[in-house]
Amino acid sequence: MTVLLATILKVVVIFGALISAAGISTLAERRVSAWIQHRIGPNRVGPFGVLQPLADGIKFIFKEEFVPEGANRWLFILAPALSAAAALMSVAVIPFGGLITEIDGTPILMSIADLDIGALWVVAIGGLGIYGVILGGWASNSKYSLFGGLRATAQMISYELSMILCILAVVAMSDTLNLREIVNLQDSADSRCFGFLPGWNIFYQPLAFVLFVICTFAETNRHPFDFAECESELVGGFHTEYSSMKFALFFIGEYCAMIVMSCMTVTLFLGGFSVPYWSEAPFLIGLASFLLKVTFFMFLFLWVRWSLPRFRYDQLMNLGWKVFLPLALVNILLTGLAVSL
Amino acid sequence: MLTDYFPILILLALVVGFVTVVLLLSNIAGRKRMNQEKASAYECGMDAVGDTRVRISIHYYLVAVLFILFDVEALFLALWASAAKTFKEAGIGGLIFAEILIFVFVLALTLAYVWRKGGLEWDR
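Taken in sequence, the protein lines are chains A and B.
Letter by letter, the first sequence follows residues -3 to 337 of the numbering used here.
Letter by letter, the second sequence follows residues 8 to 131 of the numbering used here.
None of these hints come from the bench; they were simulated from the model.
All figures in this text were calculated on a predicted structure; none of them were measured in a lab.
Hints may be right or wrong, so weigh each one.
Stated by the list, open to error - Simulated DEER-style distance windows between Cβ atoms:
{"id": "1", "chain 1": "B", "residue 1": "L102", "chain 2": "A", "residue 2": "L288", "range": "54 to 60 Å"}
{"id": "2", "chain 1": "A", "residue 1": "I32", "chain 2": "B", "residue 2": "L102", "range": "27 to 33 Å"}
{"id": "3", "chain 1": "A", "residue 1": "P43", "chain 2": "B", "residue 2": "L82", "range": "21 to 27 Å"}
{"id": "4", "chain 1": "A", "residue 1": "L95", "chain 2": "B", "residue 2": "A119", "range": "48 to 54 Å"}
{"id": "5", "chain 1": "B", "residue 1": "V113", "chain 2": "A", "residue 2": "L124", "range": "25 to 31 Å"}
Unchecked claim - Sample of chain B residues with no beta-carbon within 10 Å of chain A, all distances over it, derived:
{"id": "6", "residue": "R60"}
{"id": "7", "residue": "V113"}
{"id": "8", "residue": "Y120"}
Glycine included, every Cβ here is placed at the ideal spot set by N, Cα and C.
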């Protein structure tokens, strides 16, 4: 019974933390953007503007909600819900930390579920977010939305291939799809790289790491691949016609997808919640180590946004199909060769 | 086995509840003042021209078909990758890898063919 309660509590805490983190990310995005551009950014609501996301949320609720003329009403409403739900569901298998405590001999681990298909779950459920983008773009009955949605969909499915192949290279090395086991393997002493570096997969799979990180940018429609929005050409892309909370749900989906992708990068390549040279690290230190690494990748998203110009669409598709896919294929074959022989 | 998925059911309930509640809340709390201009599709302030249900470029269709092709390949590779070391320990690692090599080679030929035929060019 206590195990059941602990499980429910764990799910609620992780869900709440994810939503809050998405909110904080919107503030961080504006503050970091301002910082990079020598501006101040929102700092009026609460100390350093920390209550800004809450104020934004309340304002979104009180804004007018409407369905444009000629739009497919139900698909129009379903799209943002699907976009947010897919991103929120994909967090289910991320191992945030190690053992919290034991109740009646049952270990309580810091993750919603430790599925044996963990890596596939993130790709499969996270991939459902594409439906949100294409349905939203099509159902709006606006040309900007349609083109934004189409472009974003083509981009996301193209880069998803390379992303899966990069994940599989790590999976082949670890011999499991379970994310917690992948982390534990990176933590074990005999996986040390050259005997002294931490056993993180980034040292064994540098190419897969670079490809994966770039693919996460394309998957989440972030700069320099933000063709879903592409303000200067398509106004707002697939969410041109959206207002109020429906608009906000697209953003919750986008930021949650960014957080989940950062978590995946850390879990697969940077040892997840493990602390280098300290295998027996307490739960809170492990969690802090995980969050620190994730924060770095969240910062990277913003850093890149203000450092690189946007690609051209044909350049983006060329990069995805002609560079990334062959490189990822070669990488997994080399990994397979090393693992099998 | 099934108990592994129980926490995910709780999460699903939370997520569905969350999106439903926020959508309903904004539907109830938001003001409603509709007019013809507001309801029309946004086209930079001009009256909307024509219909949006137009034919779209064949490229998008091609990308979708290629995606399905290579996604299925990736799924097959996932089955192999998650057991690659087990195969090696069973002493058939080399044999299985040779089979995988043939499988990937056939699909790499597909990619080369599409590339050669110009299926990956966007500016044509």
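Next item on the list: Return holds or violated for the Cβ distance of L95/A and A119/B against the range 48 to 54 Å.
Entry: Holds - the Cβ-Cβ distance for L95/A and A119/B, about 49 Å, lies within 48 to 54 Å.
Next item on the list: Mind checking the hinted window 27 to 33 Å against the Cβ distance between I32/A and L102/B?
Entry: At 54 Å between Cβs, range violated.
Check: Closest CB-CB distance from R60/B to chain A, is it above 10 Å?
Finding: violated (8 Å)
Check: Minimum Cβ separation between V113/B and chain A greater than 10 Å?
Finding: holds (12 Å)
Notebook entry, point to check: Can the suggested window of 25 to 31 Å be confirmed for the beta-carbon pair V113/B and L124/A?
Noted result: holds (29 Å)
Item checked: Interface-negative label, Y120/B against chain A, beta-carbon threshold 10 Å -> Nearest chain A Cβ is 13 Å from Y120/B, so the label holds.
Notebook entry, point to check: Are P43/A and L82/B spaced within 21 to 27 Å by their CB atoms?
Noted result: violated (49 Å)
Item checked: Outcome of range test on Cβ distance (L102/B, L288/A; 54 to 60 Å) -> violated (44 Å)
Hint compliance for this structure: hints 1, 2, 3 and 6 are not met, and every other hint is.
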